[in-house]
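2 protein chains.
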Amino acid sequence: MSDDSSIDGFRFAGLASGIKFDGALDLGLIAADEPVATAAVFTQNRVRAAPVELAAGRVERGRAQALLVNSGCANACTGKAGDDAARSTTAVVARELRSDAALVLPASTGPIGVPLPAERIESRATELVDALRPEGVDDFAQAILTTDKGPKVARRTLSVGGGVEVKILGIAKGAGMIHPQLATTLGFVLTDAPMHSSFLTRALRTATDRTFNCLSVDGDTSTNDVVFAMASGRAEAESIHGSDRDARTFIDAMTAVLNELGTMIVEDGEGTTHVVEVRVSEAPSEAAARLVAGRIATSMLVKTALFGRDPNWGRIVAAAGTAGVAFDPKKIEVRFGDAIVARKGVGAGRAAEAQAREVMSEPRYAIEVRLGAGQAKGHYLMCDLGHAYVDVNASYRS
Amino acid sequence: MSDDSSIDGFRFAGLASGIKFDGALDLGLIAADEPVATAAVFTQNRVRAAPVELAAGRVERGRAQALLVNSGCANACTGKAGDDAARSTTAVVARELRSDAALVLPASTGPIGVPLPAERIESRATELVDALRPEGVDDFAQAILTTDKGPKVARRTLSVGGGVEVKILGIAKGAGMIHPQLATTLGFVLTDAPMHSSFLTRALRTATDRTFNCLSVDGDTSTNDVVFAMASGRAEAESIHGSDRDARTFIDAMTAVLNELGTMIVEDGEGTTHVVEVRVSEAPSEAAARLVAGRIATSMLVKTALFGRDPNWGRIVAAAGTAGVAFDPKKIEVRFGDAIVARKGVGAGRAAEAQAREVMSEPRYAIEVRLGAGQAKGHYLMCDLGHAYVDVNASYRS
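Read top to bottom, the protein sequences are chains A and B.
When we follow the working numbering, the leftmost residue of the first sequence carries the number 136, and every step to the right adds one.
When we follow the working numbering, the leftmost residue of the second sequence carries the number 136, and every step to the right adds one.
To be clear, the hints were calculated from the coordinates, so they are not data collected in a lab.
Glycine residues also receive a C-beta, built at the ideal position from the N, C-alpha and C atoms.
Treat the hints loosely; a few may be bogus.
Estimated spans, in silico, between C-beta atoms of each pair [unchecked claim]:
| id | chain 1 | residue 1 | chain 2 | residue 2 | range |
| --- | --- | --- | --- | --- | --- |
| 1 | A | Asp-473 | B | Glu-262 | 57 to 63 Å |
| 2 | A | Lys-479 | B | Gly-197 | 30 to 36 Å |
| 3 | B | Ala-191 | A | Lys-479 | 18 to 24 Å |
| 4 | A | Glu-262 | B | Arg-492 | 34 to 40 Å |
| 5 | A | Lys-284 | B | Arg-499 | 32 to 38 Å |
| 6 | A | Asp-473 | B | Glu-254 | 45 to 51 Å |
| 7 | B | Lys-465 | A | Gly-153 | 25 to 31 Å |
| 8 | A | Arg-485 | B | Glu-421 | 45 to 51 Å |
Listing some non-contacts, in silico: residues in chain B with all C-beta distances to chain A over 10 Å [stated by the list, open to error]:
| id | residue |
| --- | --- |
| 9 | Arg-255 |
| 10 | Leu-436 |
| 11 | Gln-490 |
Isolated chain A (complex conformation) (with noise of 0.2 Å):
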């Protein structure tokens, strides 16, 4: 991991244009110093916000210069006029940086159904683009978060090419509407390795797939679903692409710095007291186990359970029998931490589950569910479900 929180040919900036209320920041630009390779991943809901439509179009050339986000307003369910808006603020801010507003990519977060503000946002397009430095990672990670505690940045270094440094740095927002379904929540990817867009594309749906998608705060999957990757190539190495150990050292890195993002996520999810990692083994599929773990990882009686750290294990194995996964109830064990609570499908007595509650306790801890149906294995990162959710969510209009 590195220190630096800057990347080679990126800069950033943020601030508060007036869409949020409360003066926070809410307007925010990350802008390669060039067009550069550009890959992403949209939201599997059907309804899709206004810049999520516009940004899809966009990034089919393979090529963006810059990534326009604000939060305070998700500019989704909002007509023609949510359209208009995504285009003519992205039309500003590209004049601005004298590029094409084509190579604007937006993403936007907050409220459904509220009109977009354009006029504050272009109004401010010229302090925006004149905000925009190396070190303003903290300023942008700030400016995308709505019920977020905190920004979610990570980054890891790797060696590629036979000892050339790449960066990768990663940014996200969370808390709530967070199912991902192929893609999730705002997260940005940004590389200095040199690639091809079909190659960073390739990594980032591998590595959204092996961490973003297998998280949920809510089991509800947004309108505004976005992964945005650049890749600036100013790194002195070979272009990465193919299959071959840099390929795969990449998306592994790429992978640990979404994985750090997603932890954050479910973190912050809304109201949450414990994040707790569901493994299941022993499934006749990797599909399956992440089927079974999605299940187990959406029940709202396991995730109150949790919040009532009560092993409840009966809730998890019901959860489990829903997932439409052919697997004998008799085979299936079930552990907190080390503690096993049920052995073949029963109880395993009273001491199990005393040990169990000393593992609930802790902030974060693993849920193991053995099916004995197979060899496979999936996962998911869940939360509890307490009272802060509902607080948070009876009143904040999201």
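Following the hints, position chain B against chain A.
Same frame as chain A, now just chain B:
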């Protein structure tokens, strides 16, 4: 509707056997005077409790004489001991009834993974059978409850065959782990109308599909769900069969009974403060409409917004978008009662939302979602998610 609590050919009993620690009624019995036409639908959870496995095998013959039900223990995930307990308790009760064990169908509800104390049931079998009486419905209805606030009984009287009155009596329990898939919770439907078990099975499947399979308290499907139906044939009517007017009238009446019970279950859902019917129309198919309604009904963000009386149609539209159903978000319309809060995919403004807030102060109301993608309809009955749900489920062991 008849005020007469009895139904010809059946007797009922309920007593406290000590399975529940607090001395509440926990053991119930319904007995027909002789073996009668019987049907059942069971949970689609792959993890099925011992009584579900045993009853599913026994009901295949289409005849039974008694239903033995306990609360306070689900007898699920209890291994061979659980199977033995289901067999031995029904055998002892059958002997007291001078019947055959294969004609006694068991059902259990309560915490998963706890051994069923068979000896408590068996030692009270004589007393239980002695307590059977035609007017014992309320005792039985009490004995099957868990976290329910009260018993759930519904009745209909209908005329068939040119003026002969027949009765339908329904009894159910709630109140958590409620998200039926082809069956739900514990339900019991009795009639004095004559019919073969093949017709009774068809009527039960049709009626549960229209009612219990369209409601959700928490999105979790139980290991113990079952609805039993028995027909004593004591009414002086022609046997109901086929699909003529009497058959349709009977199925409609059974649907009304199950709908009334289903509504009571959601009203009594753990922590419920509002019961909301989600009506999805203009869908490409009935199945699609129900998928969309089901996604809305299980969204934690929608449920918390209902608790907070926030007409947050954006969350409703976002949930609809994850159902895998094709529709154009720019055609969607959302109403709370008569208040149209979104039209053609965009918000209708503050006056409409203020009107919607009024609707949301009612204990029961409807949300209508018009997809603009066809002619089909579907619905789901849901409840909100508040602090009481968290309190109940962070402590109660289900």
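So, going through the hints one by one against the coordinates:
Distance hint check for Asp-473/A and Glu-262/B: the Cβ-Cβ separation is about 46 Å, which falls outside the suggested range of 57 to 63 Å. Roughly 34 Å separates the CB atoms of Lys-479/A and Gly-197/B, a value that falls within the hinted 30 to 36 Å. Here the CB-CB span from Ala-191/B to Lys-479/A is close to 22 Å, well matched to the stated 18 to 24 Å. At roughly 38 Å, the beta carbons of Glu-262/A and Arg-492/B sit within the given window of 34 to 40 Å.
For Lys-284/A and Arg-499/B, the hinted distance range of 32 to 38 Å is satisfied, since their beta carbons lie about 36 Å from each other. Between Asp-473/A and Glu-254/B the Cβ separation comes to about 35 Å, which falls outside the hinted range of 45 to 51 Å. Between Lys-465/B and Gly-153/A the C-beta distance comes to about 28 Å, which sits within the given range of 25 to 31 Å. Evaluation of the 45 to 51 Å hint for Arg-485/A and Glu-421/B yields a pass: the beta carbon distance comes to about 48 Å.
Taking the minimum C-beta to C-beta distance to chain A, about 19 Å, the non-interface status of Arg-255/B holds against the 10 Å cut. With a closest Cβ-Cβ approach of about 5 Å to chain A, Leu-436/B is found to fall inside the 10 Å limit, against its non-interface label. Every beta carbon of chain A lies more than 10 Å from that of Gln-490/B, the smallest distance being close to 16 Å; the non-interface claim holds.
Hint compliance for this structure: hints 1, 6 and 10 are broken, all remaining hints hold.
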